[in-house]
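*Asks:* Order-wise, the sequence lines are chains P and B. Heads up, the first sequence is in the numbering used here, so the first residue is 28 and it goes up one at a time. Heads up, the second sequence is in the numbering used here, so the first residue is 28 and it goes up one at a time.
Each hint should be verified, as a subset may be incorrect.
No distinction is drawn between identical chains; accordingly, a pair holds when it is met within one copy or between any pair of copies.
[Said to hold, decoys possible] Below, a list of computed lysine-lysine pairs in the DSS-like style, where the Cα atoms sit at most 30 Å apart: (1) K197 x K232; (2) K186 x K197; (3) K232 x K71; (4) K232 x K186; (5) K186 x K71; (6) K207 x K71; (7) K71 x K156; (8) K197 x K71; (9) K204 x K178; (10) K178 x K207; (11) K186 x K156.
Quick caveat, the hints were computed from the structure, so don't treat them as lab data. Every value quoted in this text rests on a predicted model; they were computed, and no experiment measured them.
Here is how the chains run, residue by residue.
Number of protein chains: 2
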Amino acid sequence: MRSLWLLPARRTASAPNPLVVNVSARHCHLSQETVEILFGPGYKLRPWKSLYQDGQFAAHESVTLIGPRSRVISNLRILGPCRSFNQVELAYTDAIALGFEIPLRLSGNIEATPGGMLMGPAGFFEMPKGVIRALRHVHMHPDDADFYAVKNGEDMRLKIGGPCGLTLEKLLVRVDKSFKLEVHIDTDEGNACNLQPETPCELTK
Amino acid sequence: MRSLWLLPARRTASAPNPLVVNVSARHCHLSQETVEILFGPGYKLRPWKSLYQDGQFAAHESVTLIGPRSRVISNLRILGPCRSFNQVELAYTDAIALGFEIPLRLSGNIEATPGGMLMGPAGFFEMPKGVIRALRHVHMHPDDADFYAVKNGEDMRLKIGGPCGLTLEKLLVRVDKSFKLEVHIDTDEGNACNLQPETPCELTK
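Between the sequences and the hints, there should be enough to build the whole structure, so can you do that?
*Replies:* Below, the structure is given as structure tokens:
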């Protein structure tokens with residue numbers, strides 16, 4: 028089930044918290060205003076599955092993304108809760124199929140990125156910007172940052188084992204008291220190394 | 028143009044031959060018998076573009092691959108010349124989209140692999156086996172093998188730079204007098220690191 032946006036958690040023995048590496052399939056974050064344009068006035072996202080980070084969820088709702096070459100991605104999952112901006116996160120394989128040229132960006136940094144048309148059951152919304160490939164990153168609590176001797180904004184490396192293993196260089200560190208230790212990679216990265224629940228992963232400075 | 032099965036060649040300064048890293052998008056190799064079933068009696072593949080390895084080409088012809096969930100991949104490029112067996116090489120992202128569970132195999136090693144239905148303009152052909160993800164590998168001449176101090180069947184590593192760089196571990200070495208130095212990776216691997224013509228690549232033992 029590699030293509031799910033959330034893979035089963037994988038762990039390695041490591042203090043103070045277990046290492047979890049999850050693959051995010053393509054998805055979007057929307058503002059409440061955009062949700063209402065797509066799904067109707069007053070509409071609220073309905074949580075379907077909880078994500079590993081506290082309070083985050085995959086919604087029952089999904090949208091259709093229409094690309095510049097009139098190709099579409101159906102069932103683009105919405106992650107909640109709503110944010111103050113709209114953002115679509117694709118793998119490069121998705122973007123090439125749709126005909127998007129998308130930049131590699133830290134989530135939330137969407138100035139001067141391409142937009143796209145979203146379609147929901149109640150209407151269309153033309154996003155003026157916000158289609159990106161998300162920069163791979165690791166969420167961690169300050170206790171984890173102390174353990175790995177890294178600071179917010181630094182880079183780490185993730186070595187992924189197995190018969191088609193690879194080492195991801197430049198994994199951005201994001202530290203916050205609300206974060207649980209979790210690496211987020213996309214489907215291109217997860218499929219390149221065939222990441223499975225039993226695949227060994229090692230996070231190093 | 029990352030999605031082309033053949034990216035522009037990239038080179039680094041290295042004796043005795045330049046290092047070329049190419050991304051193979053999904054494609055198939057067919058026997059002459061299968062070509063005739065799909066395209067008609069006596070049909071010959073028509074070379075469209077030469078590949079980097081001498082004598083190999085992408086054909087004008089493509090087929091439709093029909094997966095177990097009745098999803099299809101259209102325009103699956105045929106590479107020539109014909110071989111003695113039929114083989115479809117997909118990235119894991121392709122296989123997941125189609126509903127295939129495919130193994131990682133060295134090209135040509137297709138015992139106990141899944142099959143699939145191919146459709147051409149003149150007919151269908153039910154491949155009993157041969158759908159794989161190809162093991163990443165590097166072709167090299169014996170002179171290159173001497174330079175890198177490796178032997179046929181050993182593993183090397185390829186470090187790919189850039190803002191989403193990675194190091195591919197376990198790159199299989201294939202040595203033959205007819206080979207030119209060339210790494211073959213698939214679209215998951217190429218897109219995971221956004222391999223571009225200017226991306227620096229380093230092959231090490």
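*Asks:* Between K232 and K186, at a C-alpha cutoff of 30 Å, which is it: within one copy, between copies, both, or neither?
*Replies:* both (11 Å within a copy, 17 Å between copies)
*Asks:* Could you figure out if K186 and K71 sit no more than 30 Å apart (CA to CA) within one copy, between two copies, both or neither?
*Replies:* Classified as neither: same-chain Cα gap 40 Å, cross-chain 46 Å, threshold 30 Å.
*Asks:* As a check of your reading, is K186 near K197 (CA-CA no more than 30 Å) within one copy, between copies, both or neither?
*Replies:* For K186 and K197, the Cα distance is within 30 Å both inside one copy (11 Å) and across copies (13 Å).
*Asks:* Within, between, both or neither: how does the pair K204, K178 come out at a Cα-Cα threshold of 30 Å?
*Replies:* Classified as within: same-chain Cα gap 13 Å, cross-chain 50 Å, threshold 30 Å.
*Asks:* Cα distance capped at 30 Å. Does K197 pair with K232 within a copy, between copies, both, or neither?
*Replies:* Both, since 10 Å and 22 Å are each at most 30 Å.
*Asks:* As a check of your reading, is K178 near K207 (CA-CA no more than 30 Å) within one copy, between copies, both or neither?
*Replies:* Within one copy, since 15 Å is at most 30 Å while 45 Å is not.
*Asks:* Should K71 paired with K156 be assigned to within, between, both, or neither, using CA atoms and 30 Å as the limit?
*Replies:* within (23 Å within a copy, 48 Å between copies)
*Asks:* Within, between, both or neither: how does the pair K207, K71 come out at a Cα-Cα threshold of 30 Å?
*Replies:* within (26 Å within a copy, 59 Å between copies)
*Asks:* Go through the copies and call it for K197 and K71: within, between, both or neither, with a Cα cutoff of 30 Å.
*Replies:* neither (37 Å within a copy, 48 Å between copies)
*Asks:* Can you tell me if K232 and K71 fall within 30 Å by alpha carbon in one copy, between copies, both or neither?
*Replies:* Result: close neither inside a copy nor across copies, 41 Å intra and 55 Å inter.
*Asks:* If the cut is 30 Å between Cα atoms, do K186 and K156 qualify within a copy, between copies, both or neither?
*Replies:* Cα proximity of K186 and K156: none, with 33 Å in one copy and 33 Å across.
The structure is inconsistent with the numbered hints 3, 5, 8 and 11, although it conforms to all the rest.
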